Amino acid sequence: MELAHVRLRKPQTNMSQAELSAIRKLKNNPSVVIKPYDKGRGICIMNREDYLNVGFKHLSAHHYEKVDRDLTHETALKVHSALTDMIRNKHIDKHTFAYLDPLEQPTNCPTSPQPTYVRDTTDILRKLEKETFPQNSLLASIDVVSMYTNIHQAEAIESVCKAYEKNNHNYAITKPPSKHIRTLLELVLGRNYFQFGGKFFPQKIGCAMGSVASPEICDITLHDFELQISALTDRILFWARFRDDILIVYNGQLESFTQFVHQLNQLHPTLKFTFEASETSITYLDLTIFKGPRFLSTGTLDTRVFTKPTETYQYLERTSSHPNHVFKGFIKGEILRYARNTNNEDDFLQKVQSFEEKLLKRGYNQADIHKCKQSIDFSQRKSMIHTEQVKTQKELPLVFTTTYNPHVKHMDIKRALSRHWHLISGNPTLKEVFPKPPLVAYKIAENIKKRLVRAKLSHTEDNQSSTTENEDNTLDILISLLDEQIPSE
Numbered sequence: 001m002e003l004a005h006v007r008l009r010k011p012q013t014n015m016s017q018a019e020l021s022a023i024r025k026l027k028n029n030p031s032v033v034i035k036p037y038d039k040g041r042g043i044c045i046m047n048r049e050d051y052l053n054v055g056f057k058h059l060s061a062h063h064y065e066k067v068d069r070d071l072t073h074e075t076a077l078k079v080h081s082a083l084t085d086m087i088r089n090k091h092i093d094k095h096t097f098a099y100l101d102p103l104e105q106p107t108n109c110p111t112s113p114q115p116t117y118v119r120d121t122t123d124i125l126r127k128l129e130k131e132t133f134p135q136n137s138l139l140a141s142i143d144v145v146s147m148y149t150n151i152h153q154a155e156a157i158e159s160v161c162k163a164y165e166k167n168n169h170n171y172a173i174t175k176p177p178s179k180h181i182r183t184l185l186e187l188v189l190g191r192n193y194f195q196f197g198g199k200f201f202p203q204k205i206g207c208a209m210g211s212v213a214s215p216e217i218c219d220i221t222l223h224d225f226e227l228q229i230s231a232l233t234d235r236i237l238f239w240a241r242f243r244d245d246i247l248i249v250y251n252g253q254l255e256s257f258t259q260f261v262h263q264l265n266q267l268h269p270t271l272k273f274t275f276e277a278s279e280t281s282i283t284y285l286d287l288t289i290f291k292g293p294r295f296l297s298t299g300t301l302d303t304r305v306f307t308k309p310t311e312t313y314q315y316l317e318r319t320s321s322h323p324n325h326v327f328k329g330f331i332k333g334e335i336l337r338y339a340r341n342t343n344n345e346d347d348f349l350q351k352v353q354s355f356e357e358k359l360l361k362r363g364y365n366q367a368d369i370h371k372c373k374q375s376i377d378f379s380q381r382k383s384m385i386h387t388e389q390v391k392t393q394k395e396l397p398l399v400f401t402t403t404y405n406p407h408v409k410h411m412d413i414k415r416a417l418s419r420h421w422h423l424i425s426g427n428p429t430l431k432e433v434f435p436k437p438p439l440v441a442y443k444i445a446e447n448i449k450k451r452l453v454r455a456k457l458s459h460t461e462d463n464q465s466s467t468t469e470n471e472d473n474t475l476d477i478l479i480s481l482l483d484e485q486i487p488s489e
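So in the UniProt record's numbering, spot 216 of the sequence shown is number 216, and the numbers just go up one at a time.
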């Protein structure tokens, strides 16, 4: 095969032997735990004992219980039984039985639109651009405290089943009765458990954080809860929610709004709310929403990009192992986000200038940055917000996937595939299966985060050696790595 003869150039590492050695020693150090940041870029190095103590303290809450065995096989049998009942009653076909975990892809089973729901930042901008508010409006954001772990499972099951029964969407398969959805929900929520520190913990209250099903289950449950809120006040001019973050424009003073949140916290035994409020500006998602020049003249709120104070700006290092289009796409996408999220051109230009300065420090080329800047026309901002991408049902492309290697030319692979594609297209059977030549796509190569981060805690070594001069050198090298801003992802 010609692909086997694609010429390779000798790879060159962008890390010194001392740095590679430091990474290996850190990864194998049993006294630390290394995890990615919950939000933002980078990795966090923690003392193992402290990490375990905090974890077990959290698990001592009544949301969890400790069991003495692995429940995986037992749960698998229950799922198999539920699916067998559905296929026996012809509510799913054999392909669905073999493939589908019904609640793993809940967005494929649409419910009735929720008027308060927002899909993303662009969606909230689209809504705000249509609104005007009084000059004395109060801007506020409300956060649902630990939403996932504080929603009662029985309540979530009732909300989802009720929404499912009301949904009149035409499915490609016969819509299964809600009793089967209820059974599967009970398995997804009631049989959720995990391992921590060598022990097993089922979750008794709430939805599992990280589960694909949890966001949609919580969205539907919170929508039911929101229906009770209208009875508390008639002063809400605007209410929008993305997951557990709520944006409110309130027609009243701070004292009145504080009383409203207090009443809100009395409605549910476990769902509680915190808030921030201001007469001038509020942060929501990646936006700062404020009363600027546009608001003062038209009543439509101004917006600009919000960056967290903890942001480290660890943008992808230009020497990292990625195709060129990844770097260009990242720059263009970020500038496009600035243009979309900022209604004032001066704010936009200031943000782009700051972004450019940080990119130059990460080794980017001034000419490439300039080309990306030129491709974004701020005067077209309205079309960036209001043009929705229409999702059309297209056949899935054939993709040739390989791990990216900077020492292999992309066109060599593409030419080798194209030159011999006639062997596929000339065969009647293969031509039907593969009607078009493949796209060439790349998987990310190993990086520092992949080398260091482990999903599962390794067992603590019985004999941990004391700190040596060699380990001190390892720490010094790691500190130099951070100083040089080697990319963490």
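In case anyone wonders, no lab produced these hints; they're calculated from the structure.
Keep in mind it's a predicted model, so treat the numbers as computed, not measured.
Don't be surprised by glycine CBs; every beta carbon is placed ideally from N, CA and C.
Check the hints yourself; a few may be wrong.
Label-pair distances were calculated between CB atoms; the ranges are [as the list claims (entries may be wrong)]:
| hint | residue 1 | residue 2 | range |
| --- | --- | --- | --- |
| 1 | Y117 | P30 | 42 to 48 Å |
| 2 | K175 | I444 | 22 to 28 Å |
| 3 | H262 | D286 | 28 to 34 Å |
| 4 | L71 | S379 | 40 to 46 Å |
The hints, checked one at a time:
{"no.": "1", "hint": "Y117 to P30: 42 to 48 Å", "result": "holds (46 Å)"}
{"no.": "2", "hint": "K175 to I444: 22 to 28 Å", "result": "violated (39 Å)"}
{"no.": "3", "hint": "H262 to D286: 28 to 34 Å", "result": "holds (29 Å)"}
{"no.": "4", "hint": "L71 to S379: 40 to 46 Å", "result": "violated (59 Å)"}
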